[in-house]
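Novice: Take these sequences, add in the hints, and give me the full structure.
Keeping their order, the protein sequence lines are chains Y and A. If you're matching positions, the first sequence starts at 1 in my numbering and goes up one per residue. If you're matching positions, the second sequence starts at 114 in my numbering and goes up one per residue.
Because the hints were derived from the structure by calculation, they are not lab data. You may find that some hints are simply not true.
Said to hold, decoys possible - Selected chain Y positions facing chain A (in silico; Cβ < 8 angstroms):
id	residue
1	D38
2	M41
3	G105
4	P106
5	L110
Fair warning: this is a prediction, and the values are worked out from it, not measured in the lab. Glycine included, every Cβ here is placed at the ideal spot set by N, Cα and C.
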Amino acid sequence: EADIYQTPRYLVIGTGKKITLECSQTMGHDKMYWYQQDPGMELHLIHYSYGVNSTEKGDLSSESTVSRIRTEHFPLTLESARPSHTSQYLCASSDPRGGETQYFGPGTRLLVL
Amino acid sequence: AQSVTQLDSHVSVSEGTPVLLRCNYSSSYSPSLFWYVQHPNKGLQLLLKYTSAATLVKGINGFEAEFKKSETSFHLTKPSAHMSDAAEYFCVVSRRNYGQNFVFGPGTRLSVLP
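Specialist: The structure is reproduced here in structure tokens:
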């Protein structure tokens with residue numbers, strides 16, 4: 001069982017609000033990732049990090065931002081939520097020593113009204 | 114460049130019968146290949162992975178997959194389906210040792226009928 005946590009699990013919020021989705025892992029993994037998944041669709045990488053103070057944009061353009069101040073913590077922030085941000089957001093981490101296998105959190109389902 | 118094709122968006126089997134979920138990949142590099150399962154309202158759980166060792170890979174819950182380079186395939190099988198296997202299954206290709214290059218297939222929804 002992977003030790004990676006996401007909060008909140010579900011969030012309903014109004015347009016224009018600022019939100020932060022939390023992701024934490026206790027495995028000491030250097031690499032962390034954020035994916036966006038629309039219902040019934042595949043996952044798309046929106047952000048990743050190689051380690052502390054490292055953040056990169058993924059394949060799918062996103063208005064969200066991320067930070068990596070501590071190894072175990074990789075929060076994602078939307079400054080002004082819009083209905084188009086409604087989706088599921090999945091966080092993952094990996095360890096190069098483990099063959100780059102990614103371990104996923106339970107996800108946050110976001111609904112922006 | 115890498116890509117993944119999952120040939121069936123939905124597979125339906127009866128409990129106790131074999132499961133076959135098909136995956137074909139394209140990769141310019143030596144690939145690592147993974148199968149993940151996602152149950153409703155849950156995150157993704159790793160079923161099994163191929164990273165260059167044995168081509169027949171055994172995973173959790175009785176699943177296995179065979180890497181066939183000549184066919185660029187990595188099909189997932191299970192001899193006997195259980196009701197708890199009903200879920201969404203994702204095939205993933207990655208450039209070996211480059212974790213950020215995970216490319217997900219569109220997923221196959223497995224239904225298991227009593």
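Novice: Each hint: holds or not?
Specialist: Hints, verified against the model:
1. For the restraint placing Y/D38 at the interface with chain A, the shortest Cβ-Cβ distance is roughly 11 angstroms, beyond the 8 angstroms limit, so the hint is violated.
2. Because the beta carbon of Y/M41 sits about 7 angstroms from the nearest beta carbon in chain A, less than 8 angstroms, this interface hint is met.
3. Checking Y/G105 against chain A by beta carbon gives a least distance of about 5 angstroms; that is within 8 angstroms, so the hint holds.
4. Look at Y/P106: its Cβ gets to within about 4 angstroms of chain A, closer than 8 angstroms, so that hint holds up.
5. At a threshold of 8 angstroms, the smallest CB-CB gap from Y/L110 to chain A is about 14 angstroms, leaving the interface hint violated.
Comparing the model with each earlier hint shows violations of hints 1, 5; every other hint is respected.
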